[in-house]
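Build out the structure end to end from the sequences listed, making use of the hints.
2 protein chains.
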Amino acid sequence: MSRKIDVGKRILSANERYALKNSQLLGEQKKLCLNMISSPGSGKTTILARTIRDVKDKIKIGVIEGDIQTDLDAERIKATEAPVVQIETGGSCHLSAAQVSGALEKLPVGDLDLIFIENVGNLVCPSAFELGESGKIVVLSATEGDDKPVKYPAIFAKSKVLLINKIDLLEAGAQVDFDVERVRADARKLNKGIEIFPISAQTGEGMNRWYDWLAESTKNLQGD
Amino acid sequence: MSRKIDVGKRILSANERYALKNSQLLGEQKKLCLNMISSPGSGKTTILARTIRDVKDKIKIGVIEGDIQTDLDAERIKATEAPVVQIETGGSCHLSAAQVSGALEKLPVGDLDLIFIENVGNLVCPSAFELGESGKIVVLSATEGDDKPVKYPAIFAKSKVLLINKIDLLEAGAQVDFDVERVRADARKLNKGIEIFPISAQTGEGMNRWYDWLAESTKNLQGD
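In the order they appear, the protein sequences are chains B and F.
Using the numbering used here, read the first sequence as starting at 20 and increasing by one per residue.
Using the numbering used here, read the second sequence as starting at 20 and increasing by one per residue.
It is worth saying that the hints were derived from the structure and are not from the lab.
The structure displayed is predicted, hence computed values, not measured ones.
Be a bit skeptical, because a hint or two may be false.
Note that identical chains are pooled: a pair holds if it fits in a single copy or bridges any two copies.
Under the rule of at most 20 Å between Cα atoms (straight-line distance), these lysine to aspartate or glutamate pairs were calculated in the EDC-like manner [stated by the list, open to error]:
| hint | residue 1 | residue 2 |
| --- | --- | --- |
| 1 | K238 | D73 |
| 2 | K170 | D90 |
| 3 | K40 | D205 |
| 4 | K208 | D90 |
| 5 | K238 | D166 |
| 6 | K211 | E200 |
Okay, here's the thing in structure tokens:
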């Protein structure tokens, strides 16, 4: 008796298996799921809280909050009345697909149009771990410097959308040295199709184009 | 014939072995070595370039520049005429002690008083890898938010100095919501002895206290 072994089939890592499971669940239910990645302090939570409030009549949003420690961000999302599940990674520098799988079980996925995953604040490690999301959103704030796409290319190459946040600080007469056009050009070199929205989650400037993109992407998926 | 095995002796990891080697080399030569850690874009390179220029008559500084990709930061340091060695980690989210050991061989260590290691921009991973340094310096910029010591405690607990950078933006009439006293209190809860210097590497505000600390620390070590 002989056994055939399919050598062409690559063995999936545990993370890839969970990512596939998440992606299948989200695909079957036609839910858009966006994995938001940035350095600490670029404004992810502020963007999410404002987005949830501003689009609540059109798009039902739930949030998975990843943090190394504390539930401060989850509390800020709770204040918007959106459903939120907190994951504390306890030191780990990125969310895993298994953690997201557990969180998806706790969210009322059927009632939602869109699920945001707010990853741990880190521009490097989260870009290497697929969570089964529909796409990645990278946030860069204007005070972080315009050299970041060149210095941290992986996440810019992989994202569907780049949000350039805190653009109100470019106009406040403050000494912020940041060339939006340089960022745009460098990000496009890495990723021809990336959508780029300069915004201020603080003042609301530029947010409408981002909301339009979310509405369109949600509709496209549900209309499949 | 029997062999004795010392079971009390913990086996060192490769990183710990190199860290010990670096620490011995630096200790024998009485050189201060500071490992600078922060998120991308908090201003590490700007702080270093200004510090090197401002103290060059008193303290001879060399720099080890860690980046995932590009030598943009090393070029900025070269412009100050300080000796600099670039390490490109090629995707890795932190410097290793072995990389630093190689870089120390290329620096004219004997001619220097102080060696700065500018780690990869990442508030999480570099805090877990000892490089053999004399101490860690954490940089937090005012635009990153005042909740960072609570959310990313490890690096604040381990650092000798916290530089709160970009404080000029707090006074520019911009909408930067950052409470220096909250950061001070939260950092001290994690680390009673941490030195805290609010600075602006852009305008020079507050930099003199930081320079005094560097001069004092260098002198103390050399006077041993």
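Verification of the supplied hints:
1. K238 <-> D73: within (17 Å within a copy, 57 Å between copies)
2. K170 <-> D90: between (30 Å within a copy, 9 Å between copies)
3. K40 <-> D205: Neither: 34 Å inside a copy, 40 Å across copies.
4. K208 <-> D90: Cα proximity of K208 and D90: across copies only (18 Å, versus 37 Å in one copy).
5. K238 <-> D166: Answer is neither; intra-copy 34 Å and inter-copy 36 Å both fail.
6. K211 <-> E200: within (15 Å within a copy, 44 Å between copies)
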